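*Asks:* As a plain string of letters, each chain reads:
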Amino acid sequence: MALPSLRHPAQRSLRKQCHQCISQMNSPRYASTAAAPIDELEQSSFQAPELPSDEANQFDPVGKAKGRRKQLPPSRYQFRPPKYYRGPLAPYQPPPSSDPSSREFVPGPFSLPRMGETYKSTIAQDMMTLSYSHVIPGTPQPAAGQRLRTWDGDSPYFANRPLRAPKGGHVLRPLHKRITFRNVPRLEKITVHSMSTEAGSGDSAYLHVTGMVIQAITNVRVKTHEARTTVQQWGLKKGKYSSVTAEMKGEDMYHFLSKCVDLVMPRIKDWKGVKGSSGDETGNISFGLDPDVVALFPEIEVNYDMYPPKMIPGCHVTVHTTANSDKEARLLLTAFGLPFYGKLIN
Amino acid sequence: MSAPKNSLKFLLGGNGRPINSSICRSCRKSISSRRQYASTAAAVAEAPESIHSPVTSSSPSTQLAYALRAGVVLSRPPQITRTLTPFEKSFFLYQKRLNERLSLPFTRYFYYRKGTPSEIDYKAKIKSRLTPARDIGRYNPYLDDGWNDEVLVGAQESEPEDVMEKLLGDVEVPVVNKFQGEQEQEKGRGDAVAARPAARETEADRTGDLRSLDRALERTLYLVVRDGKGRWGFPSDVLVGKESLHLAAERILVQTGGINMNTWVVGNAPVGYHEHKYPKYVAKGGVSQIGEKTFFMKARIMAGQANLEGNKLGVEDFQWLAKEEIPKVVDSFYWSQTRNMLSAR
Numbered sequence: 001m002a003l004p005s006l007r008h009p010a011q012r013s014l015r016k017q018c019h020q021c022i023s024q025m026n027s028p029r030y031a032s033t034a035a036a037p038i039d040e041l042e043q044s045s046f047q048a049p050e051l052p053s054d055e056a057n058q059f060d061p062v063g064k065a066k067g068r069r070k071q072l073p074p075s076r077y078q079f080r081p082p083k084y085y086r087g088p089l090a091p092y093q094p095p096p097s098s099d100p101s102s103r104e105f106v107p108g109p110f111s112l113p114r115m116g117e118t119y120k121s122t123i124a125q126d127m128m129t130l131s132y133s134h135v136i137p138g139t140p141q142p143a144a145g146q147r148l149r150t151w152d153g154d155s156p157y158f159a160n161r162p163l164r165a166p167k168g169g170h171v172l173r174p175l176h177k178r179i180t181f182r183n184v185p186r187l188e189k190i191t192v193h194s195m196s197t198e199a200g201s202g203d204s205a206y207l208h209v210t211g212m213v214i215q216a217i218t219n220v221r222v223k224t225h226e227a228r229t230t231v232q233q234w235g236l237k238k239g240k241y242s243s244v245t246a247e248m249k250g251e252d253m254y255h256f257l258s259k260c261v262d263l264v265m266p267r268i269k270d271w272k273g274v275k276g277s278s279g280d281e282t283g284n285i286s287f288g289l290d291p292d293v294v295a296l297f298p299e300i301e302v303n304y305d306m307y308p309p310k311m312i313p314g315c316h317v318t319v320h321t322t323a324n325s326d327k328e329a330r331l332l333l334t335a336f337g338l339p340f341y342g343k344l345i346n
Numbered sequence: 001m002s003a004p005k006n007s008l009k010f011l012l013g014g015n016g017r018p019i020n021s022s023i024c025r026s027c028r029k030s031i032s033s034r035r036q037y038a039s040t041a042a043a044v045a046e047a048p049e050s051i052h053s054p055v056t057s058s059s060p061s062t063q064l065a066y067a068l069r070a071g072v073v074l075s076r077p078p079q080i081t082r083t084l085t086p087f088e089k090s091f092f093l094y095q096k097r098l099n100e101r102l103s104l105p106f107t108r109y110f111y112y113r114k115g116t117p118s119e120i121d122y123k124a125k126i127k128s129r130l131t132p133a134r135d136i137g138r139y140n141p142y143l144d145d146g147w148n149d150e151v152l153v154g155a156q157e158s159e160p161e162d163v164m165e166k167l168l169g170d171v172e173v174p175v176v177n178k179f180q181g182e183q184e185q186e187k188g189r190g191d192a193v194a195a196r197p198a199a200r201e202t203e204a205d206r207t208g209d210l211r212s213l214d215r216a217l218e219r220t221l222y223l224v225v226r227d228g229k230g231r232w233g234f235p236s237d238v239l240v241g242k243e244s245l246h247l248a249a250e251r252i253l254v255q256t257g258g259i260n261m262n263t264w265v266v267g268n269a270p271v272g273y274h275e276h277k278y279p280k281y282v283a284k285g286g287v288s289q290i291g292e293k294t295f296f297m298k299a300r301i302m303a304g305q306a307n308l309e310g311n312k313l314g315v316e317d318f319q320w321l322a323k324e325e326i327p328k329v330v331d332s333f334y335w336s337q338t339r340n341m342l343s344a345r
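Note that the protein sequences, when read in sequence, are chains C and B. Counting from 1, one number per residue, gives the positions in the first sequence under UniProt numbering. Counting from 1, one number per residue, gives the positions in the second sequence under UniProt numbering.
The hints are simulated quantities; they were obtained by calculation from the structure and are not laboratory data. Some hints could be false.
Covered stretches of chain C, going by a simulated chain B footprint (3 or more residues, C-beta under 8 Å) [unchecked claim]:
1. 51-64
2. 102-116
3. 128-142
4. 296-309
All values derive from a computational prediction rather than experimental measurement. Think of the CB as a built atom: it goes at the ideal place given N, C-alpha and C, for glycine as much as any other residue.
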């Protein structure tokens, strides 16, 4: 029954694919060590044989464009997406932000960050080995019980009420998951935040300098935030712009952290490290940098005179990781070279 | 009597075929012979398998067991970033030039005060390279033909070595019109030579010194040793008494490579194991041993170098090898059991 059906052409190609799979499994192939045979790869311009040098020298796109007598016909690619999004029913939908013609497009990445490479080649593997706990495959996982409390009592008002919050607070902490190769903690993003009380009370020059400084050290555009409430002690007035934040991901994030770890932190006087009690219990760790520490960043040092010296701000740095607990997040950041001191909490 | 839902018998579905297909073959075998992971470490097998059953010399009532060994996979992590692929090189240059085209003009007066030598220097440089970016070659992003940002065949602009030279040249030669070939060098300046980073290829790479730790800087290197019988493999030894794998790994490192290595044994769990069956059972301490199992611990070398003088494990030679060099010295069965615990890079 099964054999005659294999004669069907589609089945035959399937069988062929299987044979390819098997032959690939037998010969070891790693992306970094040995390239696949060329005939197995998709066709690309990288495999094309090099042009003869005289033919390559004749290639002159600018000269060709200038020598053209007639203008090229207008193309649809000259269209610029509208400035404002007109909703999902509008006839024209803007291109995705990854498209260079999009207004939201941000170029990058420009390099392969060293810290990211170290994470992939060394840190991730060591963290997985360190936090490994063996479970026989196929062992059923113990089911996570109901973590919210029920309303116990005779009151008729308890019927159909949503469950009660956990004791000691209203936030449900994330459950700890066993670390496997799928969920090794990694850096997610870094947020830099700086608030200036002077800006909150009316002098906007401070906020401009703060924005310039944070933009210079993080390489991303900052967002400004207005005060939500009036706080007399901090000189905050509701509705006044008082702080800036910058959010970094990917390449910028790794560059910022390696600048902190390699260039700035070793030069801070009497610095013990990041406080061990820092963290929000869910794997995000914060530390602060004083104004004189911010001035140590190479981007500020190179033209330090251009910033009004008393206006250089300090900032709060929050490192967001995918770890579920602060302990794992600290393990990750220690591997990146960030020291911790004092009592380690969680 | 039916099996409870969380029992192993239930998982195996009665007739030995697992319901849960995520169980691998070896685990299925170990489950079906009702041996737990912990009791595997105790290594008392219940019955010899028919395929491997050699001629038994002892009485059939003796217990069969594996000899337990600990091994160490001592590695030196990559020291430098990996070499970029041609695609990555051209992609990064494309993104850099695109960034120049899309960003606002450089605010010169914020970085260079008017009339200062650095401003004069900057002006001369921008005249020759046309763009504030120092590492994208001679390219003006704001001209009408700014679209012509693709480099031609054989151009060096996307090579990391070229980028490095341009960045360092920007530091050390203040006023030189490199691109037009005009030498407008100021007197007394341009003598400073910025320190170049060390080469990616070292002396040990060129001479093919496999014992050096300075070789193959962008790869993970593993310590493999040759024992008295001429076989290559990771350093290993029998477990002594009640010592743990972690302690055994530390002992093996000292007994193999001497005390002149600063090492760190990562974690308490092994990263892999190697199973070897003897051609004949070996009677030892009341049990007859079927073969031996070596559990490998992962370790990192921080500093120092192996020194085989007076080692206690009978090691005769050592090499620091990258992953793809190991199968050239170890036998194929050993390699098939150990290759998956090594890092690809």
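*Asks:* All hints, please: hold or fail.
*Replies:* Going down the list of hints, with the structure as the test:
Coverage of the stretch 51-64 of chain C by chain B holds [criterion: at least 3 residues with CB-CB distance below 8 Å; count 6]. Under a criterion of three residues with beta carbons nearer than 8 Å to beta carbons of chain B, the stated coverage of the stretch 102-116 of chain C is upheld, 8 such residues being counted. Given a C-beta distance limit of less than 8 Å, the hint that chain B covers the stretch 128-142 of chain C holds, as 10 residues qualify and 3 suffice. Restraint check on the stretch 296-309 of chain C versus chain B: 4 residues with Cβ-Cβ distances below 8 Å, three needed, restraint holds.
Hint violations for this structure: none, all hints satisfied.
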